[in-house]
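Using the sequences provided together with the hints, build the complete structure.
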Amino acid sequence: MDLALIRDVLDTQLIDRDGEPMGRVDGIIMSWHPDAAPRITHLELGGVTLARRLPRRLRGAADWLARRLSPRNGDPHRIEVARIVRLGKRIELDLDASRSAAHASERWVRDHIVTRIPGS
Amino acid sequence: MKKLLEISLGVVTSIGGFLEVGSLATSAQAGAAFGYQLVWALVLGTVCLIFLIEMSGRLAAVSGKTLADATRERFGYPYFVIAVVAMSVLGVLVLASELGGVCLALELVTGVQFPWWSPLAAVATWLLLWRGTFGVIEQGASLLGLITIVFAIAAWRLVPSWGPVALHALPSRPTHDRARYWFIAVSILGASIAPYLLYFYSSGAVEDKWTQRDVAINRVTSAIGISFGGLLALAVLVVSAVVFLPRGIQIEKFEQVAPMLVPAFGKAGFYLFAAALGIACFGAVLEVALAVAYMMAQGFGWRWSENARPRDAARFSLEYTVTIALGAIIVLIGVDPLAITMLSMALTAALLPIGIVPFLLLMNDPHYVGSHRNGWVGNVVVCGIVGIAFVLAIVSIPLELLGG
Chain V
1 MDLALIRDVL
11 DTQLIDRDGE
21 PMGRVDGIIM
31 SWHPDAAPRI
41 THLELGGVTL
51 ARRLPRRLRG
61 AADWLARRLS
71 PRNGDPHRIE
81 VARIVRLGKR
91 IELDLDASRS
101 AAHASERWVR
111 DHIVTRIPGS
Chain U
121 MKKLLEISLG
131 VVTSIGGFLE
141 VGSLATSAQA
151 GAAFGYQLVW
161 ALVLGTVCLI
171 FLIEMSGRLA
181 AVSGKTLADA
191 TRERFGYPYF
201 VIAVVAMSVL
211 GVLVLASELG
221 GVCLALELVT
231 GVQFPWWSPL
241 AAVATWLLLW
251 RGTFGVIEQG
261 ASLLGLITIV
271 FAIAAWRLVP
281 SWGPVALHAL
291 PSRPTHDRAR
301 YWFIAVSILG
311 ASIAPYLLYF
321 YSSGAVEDKW
331 TQRDVAINRV
341 TSAIGISFGG
351 LLALAVLVVS
361 AVVFLPRGIQ
371 IEKFEQVAPM
381 LVPAFGKAGF
391 YLFAAALGIA
401 CFGAVLEVAL
411 AVAYMMAQGF
421 GWRWSENARP
431 RDAARFSLEY
441 TVTIALGAII
451 VLIGVDPLAI
461 TMLSMALTAA
471 LLPIGIVPFL
481 LLMNDPHYVG
491 SHRNGWVGNV
501 VVCGIVGIAF
511 VLAIVSIPLE
521 LLGG
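So the sequences go chain by chain: V and U.
Residues in the first sequence are numbered from 1 upward in steps of one, following this note's numbering.
Residues in the second sequence are numbered from 121 upward in steps of one, following this note's numbering.
In short, the hints are calculated from the structure, not lab data.
Quick reminder that beta carbons are idealized off the backbone N, C-alpha and C, glycines included.
Don't take each hint at face value.
Residues of chain V clear of chain U, computed beta-carbon distances all greater than 10 Å [said to hold, decoys possible]:
| hint | residue |
| --- | --- |
| 1 | 34 |
| 2 | 35 |
| 3 | 36 |
| 4 | 41 |
| 5 | 44 |
| 6 | 76 |
| 7 | 82 |
| 8 | 87 |
| 9 | 92 |
| 10 | 110 |
Below, a list of computed lysine to aspartate or glutamate pairs in the EDC-like style, where the Cα atoms sit at most 20 Å apart [to be verified]:
| hint | chain 1 | residue 1 | chain 2 | residue 2 |
| --- | --- | --- | --- | --- |
| 11 | U | 387 | U | 375 |
| 12 | U | 329 | V | 20 |
| 13 | V | 89 | U | 485 |
Written as structure tokens, this is what we have:
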């Protein structure tokens with residue numbers, strides 16, 4: 001099956017092995033060596049990756065904001081392509097979202113804000 | 121039974137999203153200032169919304185994706201950011217208008233000034249989202265929202281003949297106050313074609329797990345639901361024309377609209393108006409808050425569901441909480457509800473192309489909707505009406521701001 005990286009992979013919803021959403025493909029990492037064929041190695045997630053995709057003028061502010069809002073200082077989270085189980089309308093990964101760094105801010109919001117409000 | 125429930129999604133979308141403070145305020149102003157003359161704007165807005173709602177339900181049923189999902193995937197993150205920022209800012213303004221409507225209804229009944237009700241109304245709506253499920257909200261709001269039928273009863277009692285109303289289904293040029301006329305026309309279009317409805321409806325369809333089999337019933341749902349809302353807005357316009365125009369009353373404050381139902385129902389009309397206003401706006405607050413949270417969560421790929429407990433969809437729940445809080449602050453500082461309503465409705469019209477143009481492209485893309493692509497009628501109608509709304513908005517908003 002041929003895939004167009006921008007059309008079929010970039011920005012696609014990621015789900016873990018239980019079908020839980022765990023973000024979208026914010027960036028795609030390719031490795032290249034002069035004596036080997038280029039190879040897609042990772043999917044990248046995170047606000048800093050997204051900031052890089054904005055027009056030049058907005059990039060600085062978006063990068064700053066992403067780092068401030070991120071619980072891990074915004075370093076992008078990389079997922080090895082070997083973890084991909086199925087590629088379709090959504091991308092299934094052999095991972096557990098609740099333990100993944102992709103869910104770090106979901107956990108932070110849950111533990112520091114939402115569960116402190118009664119009835120959550 | 122399942123079909124009945126699906127129709128209720130159409131009706132709730134219609135009541136919460138159509139007959140709410142925006143349609144009430146714009147229709148009442150139109151009737152008071154220009155009689156039946158602006159009926160055409162309401163007709164255009166309703167027809168356009170029927171097509172758009174049908175499309176967003178079809179997108180969800182066929183592709184399993186909501187409008188926000190598809191926008192991010194098809195047009196990429198840089199475009200999605202523009203859409204999500206525009207919709208969030210607009211969402212907060214519209215939510216403030218709706219919450220203002222709830223508070224005004226409470227002011228009418230109690231005499232306590234509206235800003236003081238803001239925290240209470242905000243907490244009440246928030247609590248329903250925090251503790252309730254999508255089904256409770258959908259069915260509760262559509263059932264309670266039926267009270268807005270009082271406007272239709274009033275119109276039926278008061279309007280002497282419907283010929284002149286039908287006559288104005290076609291546009292005509294104003295005889296006086298031209299700037300005001302076009303500004304109200306734009307606000308009516310913005311109040312009718314509210315883009316947050318599309319994000320809400322397609323998310324609701326996914327929450328209710330629609331499939332390709334629901335495409336036909338979706339067509340019926342959207343047509344019935346939205347026509348119902350459109351007729352109610354028309355009822356508001358004609359009642360306002362009959363009640364206010366002969367007395368020369370210009371609507372400058374929301375309180376002036378309140379006696380609208382008195383000629384039809386006597387003293388009870390005052391309380392019926394307050395109840396209809398409060399309930400319709402309450403439903404709209406829920407819808408707008410959810411729509412903003414849905415769009416954000418889906419676009420970034422977070423966990424989202426109104427049926428999940430807040431701790432299981434933390435960022436989604438935080439998002440609607442923040443949206444309601446920001447809206448409540450605007451009401452609390454006492455911004456004039458009528459002014460913010462008219463402005464946010466006109467701004468909606470101006471920003472329509474940001475949401476609608478990519479949506480139309482999606483609905484013509486076989487990659488997403490396969491053989492269920494748009495026909496040319498839907499494309500032409502939506503393009504035409506959104507185009508009209510956009511051009512009118514660009515021309516009339518500066519005029520209104522300068523003149524007002």
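**Numbers of the earlier hints that this structure fails to satisfy, in rising order** = 10
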